[in-house]
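Protein chains in written order, with numbering that gives the first Met the number 0: chain A, 0 to 390; chain B, 0 to 356; chain C, 0 to 564.
Keep in mind that the hints were calculated from the coordinates and are not lab data.
Treat the hints loosely; a few may be bogus.
[Unchecked claim] Listed below are the simulated DSSO-like cross-link pairs for lysine-lysine, each with C-alpha atoms no more than 30 Å apart in a straight line: (1) Lys34/C to Lys226/C; (2) Lys117/B to Lys39/A; (3) Lys117/B to Lys45/A.
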Amino acid sequence: MREALEGSQAIARAVALTKPEVIAAYPITPQTHIVENLSKLVADGKLKAEYVSVESEFSAASVVLGAAAAGARAYTASASQGILLMSEVMYNISGLRVPLVMTIANRAVGGPINIWNDQSDTMAVRDAGWIQLHCISNQEAVDTTIQAFRLAQETGLPVAVNMDGFVLTHTMEVIDMPSQEEVDAFLPPFEFADALDPERPRSMGTLVDPNFFPEVRHSHHAAMGKALARIEEIDKAYKKVVGRASGGLLTVEGDKKAKVGILAMGSVVGTMMAGLEDFKDEVGAARIIKLRSFRPFPAKALRAAVKGLDKLVVIDRAISPGLGGVLGTEVSAVLSTLKNAPKVYNYALGLGGRDIPETMYRDLLTTIEDKKAPRFAVFDADLDKLAPEDR
Amino acid sequence: MAQDSENSKRLTELRMKHGRPPASPSEPRAERAETLREAQPRFRGLESGHRACQGCGEALAARLVTESAGPDVMVANATGCLEVFSTPWPQTAWRVPWIHSLFENAPAVASGMEAAMKAKGKNTKVLAFGGDGGTYDIGFQALSGMLERHHNVLYVTYDNEAYMNTGIQRSSSTPHAATTTTSPAGKERMGKRHLKKDLLSIIAAHHIPYAASASVAYPQDLQRKVRYAMGVEGPTFLVIHSPCPLGWRHDSALTVEVARRAVQCGLFPLVELDRGALTNIMPIREPRPVSDYLELQGRFAHLFNKNDYRAQEELDHLQALADHNIEIYGLRGEGVDPIDSTGMSHVHRGGPLAGRN
Amino acid sequence: MTELTRGTWADAGSSLDFKTGSWRSTQRPVHVHSKAPCHATCPAGEDQQAWFAHLQLGHVEEAWRSLVAANPMPGVTGRVCPHPCETACNRTEVDGALAIHNVERWLGDEAVAKGWDYPVAPPADDAPTVAIVGAGPAGLSAAYHCVRLGMKAEIFETLPEAGGLLRMGIPPTRLPRNVLDAELNRVLDLPGITLNLRQRLGRDMTLEDLRERFAAVMLSPGCEMSKPWSVHGAVPPDLHEGLHLLQEFYDHGVLPDAAKGDVIVHGGGNTAMDICRIMMRAGAKSVTLITASGLPGPDTAPDDVINVVPRELEEALEEGLTIIEHATVGRLIMKGSKIKGVEIVSLKKEKGPDGRKRRVEFTGTERVVSVDMVVPCVGEQVDPEAFEGYIDGAYFSPDNPYGRIADRVYALGDARGHRGTVAAAIGDGRIAAEAVAAELAGADDPVADDRPEMSYDGLNTAYYAGSSRVSVAKLPVSERTFEAEIEGGISRAEALAEAQRCLSCGNCLACDNCWTMCPDNAVIKTAELASDGSHYVFDYDYCKGCGLCVQECPTGYIQSVPETS
């Protein structure tokens, strides 16, 4: 059913369709509307779930860990500082191979404190061993959220669904919400083979010594590798039931024959698509690579997607100070094995919620025409605002 | 010695004959008689083969707790000695479903498990275990949250009064004047400068249905409290005084004796609280001087240095703290009570005199 | 190869694969059944702890059966024994010794009342027969134990009735004759025991006859002959010795006329005590006991205390007996053939130059009292007449604990001359019977039980509830007669309550402490309850040797011993 919904409200409805048994969350901007909506659904009796209002994100993550470990479908959502506070638990959830789903309403990480959107939070936990998917629209966020529950239980890994704070979470959009029947047909009831059970009283979270720790990590890495195929299959399966896919690991948009490409994750992909429409006559049409799966990182698909490109702009919504962009660095690494790899320009954009106008498309492409164009920059930083010694 | 070898022969034979006990209650029994171990008339929540030190009070306490709580329970265990010694992969000593996640999140993990049970309409009771570090200190917030949200969880803290797993560092539960590796005694210090945190009063302020202190010296009392808490719907809390021979520096054989003296001198009062109100205490028949308790332990050895005037001051301070406990909880018994700190120890042929009610 | 589980879960109880028993470095706990002090000191060899354990479970008949494995006459010993078991009882240090003799007496009476069968089987027709000379406590015990061990016994008794000293030397106020007869007859009625009355060795047969006719001979003639007594050679012509006075009185109910006046009894044993009390009751003007020993008290060395049953002494004092301790008769003052007075002189047993104790009279302490009668009670000895070649001196002196004085010849009871008690005689009978059985089977002598004794220090008294000793009614002095039993009995409830006071020294109390307190689950309980500790097993595969069970075992039954490879 098509309906104009705020992004957060849409996510709450999508989560409800998956029939979660335990929801735990701690409020943080810009995630709050999601959990408020879920609370209301529970309060109104529209969602039969245990809603646990915890005293911190740390406990939110711990509660869903415990709930899923005990065999319940569990969901949480957070952002920014909350993700960092959760990070210890996030490593634990994935390390114990507990399947559950979290929405990250991406927001900058302080300090200084900043409540607006970028993707520093999710980048800070890129090594936590979770599947991390990015959405460019609220429709994709709804569909990806529902897919994430199936993905989690089929892979035995936790899944984080990223959606840009405010830009998506607080934006009204017409959403085609799948019906309960469709979701039920797509998503089987929760099953976790290794769940805690008095009938088979196993111990989880044991102490693993050096004799087995590398194997533990290898197995986790291998599971992430195998998840690549599952992400695509589940997207296809979803399309079969609901009639709409969300872009598998990545999709190539724009001019597929273009020599110049732009790679990005999240809502900025939409901005670039709009910029392309507006400025293709001025600066030409670019190939736009919409990366959906950041973890596992789809190296093979990426190498195929850049085939024929001379130049590739990688947009980062975060920065690793002293290195540059995280996504850009990873893309460069992956492409380094290609014979005719495109030249990678890695630009951090829109940090801490700086507006990314559609003109950015034009500005990026214009910039890289210059041979002296920097390979990395905080692209939209106005250095005049800095004291000379801080530039 | 003859009895000795007879003993081990009997065991070996039975093991050879019957193999290992089943992994779970529902595992189909092989066509065989029960092993001696299986035939014991109690539930074994914490099995042999764990790697606790000799005379570990925490291992004893955890065994007693799971024995009276199990088998229809699941446990969330904070990081600490108990977790480490019980579950070095690929082995576990637990016979109840058990999960260890982190140091500071056992109450939250337990909350999630409990929410899951509620969502599924199951009656399996959730327990959470932590040491004093995980409870008084790092897991304190999560514990408070769990209690406030009224989860149906029995939280048990095994109080050995320091971070033992990392090598005896002081915690907020370490008693005043005790030495640890981070509160050593020296020219300028007489051990820990601060007081033991009065956790039970903080717990009481949550007005939960039941909170109590117990001691390994009084297993029947301890198990009665566990059984009582198991029957309560809502959050319940138990702090168990669990001597650590290594950290307290006493002979491994003296674990129960040390714990008993802690109760009998008033430094570790055994009390029960209902919705935050004191409802029951274990009276002390004849309070012993705190020195009876302290003198058994190396961590207080500096208090018995006759050449240091501060030693007597600290002894007097600890005595005053014990007297204060006796006064505020009204621990002084009146005459002979079969369930006071003397009577609760009494046994007769067939078991404890006060019974396992 | 161990395969990694996803998320590294582990299977329940898999730690059993890890044998922490290998951590035990120096010590391991073991079950050590030490002797309880009551058992260690019991001359009859009773294991009081063992039969109290049955009583603690409410199993009265089992308790009696356990008791009579050593002593067939608890009804008798419960009345006459000076109960060294109670003196040794570790509970003395807590809140008073167990009233062992009262419970023993109740058990004996209960067995008679209920007609419980002795736990013995009739001997085989061709079982060897042992001749027993004398039907006193030693002879009766020997006969009983012979039957218990599968032999037959034929008793030869001089007197027309069995009982020996029990009948001839102990007043009915201590041992009512109906009690004696009931228990004694039950023993004599056992299959395999033949009693021949009015048969005197040396008159009706000789020892050599018996040796020829029987598989073995046990001599338990008792001490019927008073030891010679004189004061520096002087003996009053109308001398009546204590034992004979007693026997006369039991047989005919009369005492000499002089006994109406002031009487001095000289001596110190139970016979002296009994005759003093009978004479007081029969109307003596005064009775004074002069004894070289001391009265019990903090200043009296244990080996200097007058050798009488403590409660007998207590009762005699209640009844008005005057005792002059640490004294002897120094001189007799005669008027013609009549005694008129004695000179009393203080003395004490002192260590001499050779380290042995000897009597030292203190010059200057002499005092004269006028008396009408002096009764010596300085002890009795064996009448050596029939035992020529077997006895040298007043008593038999076997050089072994079995009483063997020649091949298949044993001497038992008072005839062995130790500070005799009925219990010791009963113990002699058992030990000799066991030795005979072994000798006849061509086996070595039975090995003495040399287990250590459990001292008070070996107990953990934190585990014992306080409870006071049962109080027993006694006949008031004014109501005491020649016949009525002075000490009252206890009820079944009192007996069972008293049994709960037993600390079970050195043996398992089945209290579950070890099972409850083992941090390593290495104590395994195999059944709900047993009385001997057999239902706890150490699982040394997992026992780390921490010593907690050793420390918390109330009874000292668990002990730490060095680890042996």
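Here is what the structure says about each hint:
1. Lys34/C to Lys226/C: violated (37 Å)
2. Lys117/B to Lys39/A: holds (19 Å)
3. Lys117/B to Lys45/A: Holds, because 17 Å separates the two Cα atoms, which is no more than 30 Å.
The structure fails to meet hint 1 from the earlier list, while all remaining hints are met.
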